[in-house]
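Can you make the complete structure from the sequences, with help from the hints?
Going down the list, the protein sequences come from chains Z and C.
Per this note's numbering, the very first residue in the first sequence carries number 24; after that it's consecutive.
Per this note's numbering, the very first residue in the second sequence carries number 91; after that it's consecutive.
The reader is advised that the hints may include incorrect statements.
To be verified - In the DMTMM-like style, the derived pairs of lysine to aspartate or glutamate whose C-alpha atoms are separated by at most 25 angstroms in a straight line are: (1) C:K101 <-> C:E169; (2) Z:K59 <-> C:E169; (3) Z:K116 <-> C:E149.
Unchecked claim - Computed from the model, here is a short list of chain C residues facing chain Z with C-beta under 7 angstroms: (4) Y121; (5) G132; (6) L133; (7) F180; (8) T190; (9) Q193; (10) P197; (11) G198.
Keep in mind the hints are simulated off the structure, nothing from the lab.
Given the structure is predicted, the values throughout are model-derived calculations rather than measurements.
The C-beta atom is built at its ideal place from N, Cα and C for all residues, glycine as well.
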Amino acid sequence: GEDVEQSLFLSVREGDSSVINCTYTDSSSTYLYWYKQEPGAGLQLLTYIFSNMDMKQDQRLTVLLNKKDKHLSLRIADTQTGDSAIYFCAVHKTGTASKLTFGTGTRLQVTL
Amino acid sequence: DAGITQSPRHKVTETGTPVTLRCHQTENHRYMYWYRQDPGHGLRLIHYSYGVKDTDKGEVSDGYSVSRSKTEDFLLTLESATSSQTSVYFCAISAVQGSTYEQYFGPGTRLTVT
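Spelled out as structure tokens, the structure:
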């Protein structure tokens, strides 16, 4: 089955860029997603990228996809304290009844 | 906001008691999911439903059952709760907009089994 890996923790200073990384194993993954979870809340969809794209930009968020290396990243420009949260990547594979496989999550800590 | 509510939001129960968690959606989405979230494991799929009375197992289904008698409600039952089922439980729906398959989540239920 699909395996999705993320590093557990990232600390950045306010105003710097954050890069959160994710690797996956199944090359037939079609859609890849980034979710944000704030303390005590559910997961909020931030953005997604289709597997035939290399990059997608949405305001301060940039998603990069390297299909050859099965590597996905989320860059947050000008990181703010409100960006402190857990970030999950998730992948969808065709023919899996809309199921997603989630990574373990990366906790982003933004320091002043 | 995909119109998803979960009840209860918090529950403490004793080992061996049955527990039912409810997920309610207001937008007639076909697919619904139950996940559990535990430190170091991310989200793991327990069960999912692809229509009324149509359900299937996820990766951690042992000890859990589900039912979906109406489009809007998806129930998760722990027949005899164990301490290993202490977790935060999330319900999700799949909007299947076009073909992008994104899921939207409820606020979660924190369950403690003592």
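Structure-based check of all given hints:
no., hint, verdict
1, C:K101 <-> C:E169, "15 angstroms, holds"
2, Z:K59 <-> C:E169, "32 angstroms, violated"
3, Z:K116 <-> C:E149, "16 angstroms, holds"
4, Y121, "5 angstroms, holds"
5, G132, "4 angstroms, holds"
6, L133, "4 angstroms, holds"
7, F180, "6 angstroms, holds"
8, T190, "6 angstroms, holds"
9, Q193, "6 angstroms, holds"
10, P197, "5 angstroms, holds"
11, G198, "5 angstroms, holds"
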